[in-house]
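Start from the sequences and build out the full structure, keeping to the hints where you can.
Residue numbers (the numbering used here), protein chains in the order written: chain S, 9 to 435; chain C, 9 to 435.
Calculated directly from the structure, the hints in this document are not laboratory data. Honestly, I wouldn't trust all of these hints.
One copy or two, either will do: identical chains are not told apart, so a pair holds if it fits within one copy or between any two.
Claimed, not checked - The calculated lysine to aspartate or glutamate pairs, modelled on EDC-like cross-linking and capped at a C-alpha distance of 16 Å, are:
1. LYS305 <-> ASP52
2. LYS250 <-> ASP52
3. LYS58 <-> GLU177
Residues per chain are reported as follows:
There are 2 protein chains.
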Amino acid sequence: MLALTFAIATVPALASEGSGHGDPAAPVVLALAVILVAAKFGGDLATRIKQPAVLGELLVGVVLGNVSLLGLQLFEPIANNQFLDMFSRVGVIILLFEVGLESTVSQMMKVGVSALLVATVGVVTPFALGYFTTRALLPAHSVYVAIFVGATLTATSVGITARVLKDLEKSQTPEARIVLGAAVIDDVMGLVILAVVIGIIGAADRGTELQISEVVITLVKALGFLVGSLVLGVWLSPRMFKIASRLRANAVLLAFGLGFCFALAWLADFIGLAPIVGAFAAGLILEDVHYKDLKDKEDHTLEELVKPISYFLVPVFFVLMGMRTDLKSFAAPGVLTLATALVVMAIIGKLVAGLGAVGKGLDRLSIGVGMIPRGEVGLIFASIGMQLTVKGEKVVDQQIFSAVVVMVIVTTMITPPVLKWTLNRRR
Amino acid sequence: MLALTFAIATVPALASEGSGHGDPAAPVVLALAVILVAAKFGGDLATRIKQPAVLGELLVGVVLGNVSLLGLQLFEPIANNQFLDMFSRVGVIILLFEVGLESTVSQMMKVGVSALLVATVGVVTPFALGYFTTRALLPAHSVYVAIFVGATLTATSVGITARVLKDLEKSQTPEARIVLGAAVIDDVMGLVILAVVIGIIGAADRGTELQISEVVITLVKALGFLVGSLVLGVWLSPRMFKIASRLRANAVLLAFGLGFCFALAWLADFIGLAPIVGAFAAGLILEDVHYKDLKDKEDHTLEELVKPISYFLVPVFFVLMGMRTDLKSFAAPGVLTLATALVVMAIIGKLVAGLGAVGKGLDRLSIGVGMIPRGEVGLIFASIGMQLTVKGEKVVDQQIFSAVVVMVIVTTMITPPVLKWTLNRRR
Chain S
9 MLALTFAIAT
19 VPALASEGSG
29 HGDPAAPVVL
39 ALAVILVAAK
49 FGGDLATRIK
59 QPAVLGELLV
69 GVVLGNVSLL
79 GLQLFEPIAN
89 NQFLDMFSRV
99 GVIILLFEVG
109 LESTVSQMMK
119 VGVSALLVAT
129 VGVVTPFALG
139 YFTTRALLPA
149 HSVYVAIFVG
159 ATLTATSVGI
169 TARVLKDLEK
179 SQTPEARIVL
189 GAAVIDDVMG
199 LVILAVVIGI
209 IGAADRGTEL
219 QISEVVITLV
229 KALGFLVGSL
239 VLGVWLSPRM
249 FKIASRLRAN
259 AVLLAFGLGF
269 CFALAWLADF
279 IGLAPIVGAF
289 AAGLILEDVH
299 YKDLKDKEDH
309 TLEELVKPIS
319 YFLVPVFFVL
329 MGMRTDLKSF
339 AAPGVLTLAT
349 ALVVMAIIGK
359 LVAGLGAVGK
369 GLDRLSIGVG
379 MIPRGEVGLI
389 FASIGMQLTV
399 KGEKVVDQQI
409 FSAVVVMVIV
419 TTMITPPVLK
429 WTLNRRR
Chain C
9 MLALTFAIAT
19 VPALASEGSG
29 HGDPAAPVVL
39 ALAVILVAAK
49 FGGDLATRIK
59 QPAVLGELLV
69 GVVLGNVSLL
79 GLQLFEPIAN
89 NQFLDMFSRV
99 GVIILLFEVG
109 LESTVSQMMK
119 VGVSALLVAT
129 VGVVTPFALG
139 YFTTRALLPA
149 HSVYVAIFVG
159 ATLTATSVGI
169 TARVLKDLEK
179 SQTPEARIVL
189 GAAVIDDVMG
199 LVILAVVIGI
209 IGAADRGTEL
219 QISEVVITLV
229 KALGFLVGSL
239 VLGVWLSPRM
249 FKIASRLRAN
259 AVLLAFGLGF
269 CFALAWLADF
279 IGLAPIVGAF
289 AAGLILEDVH
299 YKDLKDKEDH
309 TLEELVKPIS
319 YFLVPVFFVL
329 MGMRTDLKSF
339 AAPGVLTLAT
349 ALVVMAIIGK
359 LVAGLGAVGK
369 GLDRLSIGVG
379 MIPRGEVGLI
389 FASIGMQLTV
399 KGEKVVDQQI
409 FSAVVVMVIV
419 TTMITPPVLK
429 WTLNRRR
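Encoded structure:
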């Protein structure tokens with residue numbers, strides 16, 4: 009029974025293991041066990057204090073990730089394990105696919121104008137606020153520093169919001185669709201902003217002009233992906249499932265559904281967008297009517313089949329996100345003033361964005377709050393800034409970077425309780 | 009929306025990516041999409057020629073993995089990707105957990121004597137056959153070579169058999185339980201044999217005697233794990249679920265069920281056994297009555313919740329297993345005679361083992377066939393042998409290693425069709 013994980017091609021790697029198995033999966037599944045059970049205790053606590061479960065998962069992660077401050081190095085290997093990182097990445101892809109499945113392309117189109125306006129206001133306002141705040145607080149730094157900090161405040165991290173909406177069973181409201189749609193458009197804008205900012209700084213460093221053509225190409229590729237995948241996807245999906253329904257194999261629906269989601273996630277990444285944008289688009293495209301034959305044959309909808317996979321992998325994402333929250337960032341010297349200012353600007357910038365939504369009776373406050381969380385993009389921007397120089401001066405130094413980290417942590421952590429409050433305040 | 013995969017602790021790693029995301033999950037999910045869809049086409053083909061679906065998954069893997077022979081390097085990155093390897097390892101853990109869930113500890117105890125006899129005969133016979141065959145075919149080599157080759161023929165790789173039994177809905181028959189139980193015992197014996205063989209060869213190389221104490225410790229640890237986990241697990245499981253049922257969170261049953269499975273898989277590996285032995289034991293231990301409260305609350309059994317996860321991850325294991333089958337091994341010079349002899353001995357050895365089952369009306373041929381597949385253990389043994397020397401002579405050379413690889417491939421590939429035939433021949 010030993011015998012399973014069969015690795016003819018990789019046998020030399022096994023040879024070093026000596027007696028026994030030393031299966032590389034062993035530490036990974038142990039960590040998964042810890043994460044899954046801890047997530048439920050965190051979710052329980054959050055539910056008892058009437059908060060979305062995801063807040064509990066984040067907090068249990070923060071606790072596990074920061075026990076090292078007490079001198080216990082117990083969970084460090086989990087936070088930085090590349091395999092758990094991969095499970096968490098696939099987890100958030102599954103989450104956005106699941107959220108996408110709850111809506112259709114035409115439902116999203118109905119809120120398209122609102123989403124576009126919310127996204128645009130939500131990019132311009134935080135950028136401007138971040139720019140002027142940095143100019144005011146760091147007058148000795150170059151203008152490029154302010155441009156970079158402004159850029160880090162633009163892009164929404166929709167994972168948290170998507171999860172809160174699911175926890176509260178609100179993901180099919182117009183407000184939820186506007187936030188999700190705006191986040192997709194945000195991602196496209198973030199891509200373009202990054203191209204512009206890097207272009208400007210590169211040009212300044214070389215003393216040349218910004219090359220506008222590359223920026224245009226980036227924009228065209230991203231928009232082409234979104235429009236192309238939605239149009240082509242809606243045409244392709246029923247045809248794909250028609251072929252799939254002829255296959256004499258079990259669980260064909262899940263295999264093709266996940267296959268479609270994963271393929272679009274890859275394509276989005278290939279274009280330069282986040283994989284979750286592709287996964288969300290895939291979810292929007294696939295509809296029950298496309299796979300009616302398979303649903304009848306296998307007696308389950310795609311949502312029902314994806315749910316247990318989501319139960320398994322999604323908590324890995326949020327607990328790990330919590331574990332990677334380095335509380336020491338808050339104590340970095342000279343960071344607190346800038347960090348506080350950035351947090352305030354980040355929040356105001358997106359609350360203003362909520363006002364961009366058009367339509368009667370919309371809960372614009374919740375839309376704005378849903379857009380608040382920042383995440384990887386801000387960090388990617390900041391870390392790119394750390395590597396860029398203009399005339400020998402680093403664009404982003406350690407102090408600014410820590411302030412951005414704090415901004416990301418705070419906007420992530422406050423969203424679940426605040427969103428829960430705004431969504432339920434009218435009852 | 010960019011913003012998701014949040015990696016405060018690992019930011020420096022992101023900085024090198026330049027514009028766009030370059031999410032490391034992108035190539036992995038693309039490969040998963042290819043594997044999932046290919047698996048269904050393979051399963052369809054197998055079903056049409058009245059074979060278990062798993063044979064189709066293996067064969068589609070062999071085709072994808074060997075197109076490089078035609079000069080196409082298309083799928084090489086999949087076969088050797090460490091993340092896909094990890095998904096496949098978790099997949100086979102899930103498979104054995106699922107199979108374990110279909111039986112109970114007491115049902116396994118009923119076939120305990122048969123399983124023990126089948127395992128014992130199934131270790132002794134192939135060892136003896138392998139030993140004498142090697143002595144006859146390679147008379148110039150030392151006696152230690154023959155001992156090593158004998159050892160590579162002993163351990164069963166039960167993943168294939170478990171999957172065939174599931175495909176044919178036979179996993180709850182007494183024959184299935186005997187095979188699965190014997191495979192568990194096999195794993196313990198394999199561990200002891202490895203310790204003994206390495207001890208003998210080390211002693212021969214040093215010119216000293218075999219240290220028997222280490223072998224005894226290995227055996228005691230392995231048996232202690234099996235008995236301990238079953239006894240303690242049956243006591244622990246209802247208590248664990250009682251606590252779990254008080255948690256106010258969703259999907260608690262799946263989190264605790266998987267957590268239990270993963271923890272035992274880790275523990276098995278820690279002792280020196282295969283993780284799948286632990287996962288199978290976990291499945292045996294957990295029973296519906298232990299979590300009646302949670303089942304009523306969440307309206308699903310653990311089997312129902314695990315199934316979609318299994319649909320997702322199990323094909324990854326079998327397609328990857330196929331992809332790693334290097335057809336070039338068959339063409340290695342001077343290998344074919346030894347390889348053919350080993351295949352014949354491997355098969356006869358386990359068919360004889362089937363006769364060890366006690367009880368009326370048992371299908372002993374199917375039991376023997378179910379024990380035929382060899383896998384990783386044989387390869388681990390062989391690759392350890394390649395690193396050992398006795399008085400300067402390598403115990404296992406490249407030619408013998410290739411013969412073992414061929415033996416593993418053939419025993420794996422023939423099992424699905426032969427087992428299907430033997431199981432259905434009485435109808």
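Going through the hints against the structure:
1. For the homomeric pair LYS305 and ASP52, the shortest alpha-carbon distance between copies (15 Å) is at most 16 Å, but the shortest distance inside one copy (37 Å) is not.
2. Only between protomers do LYS250 and ASP52 lie at most 16 Å apart by alpha-carbon distance; the minimum there is 15 Å, versus 43 Å within a single protomer.
3. Within a single copy, LYS58 and GLU177 get their C-alpha atoms as close as 14 Å, which meets the 16 Å cut-off; across copies the closest is 45 Å, which misses it.
Checked against the numbered hints given earlier, the structure satisfies every one of them.
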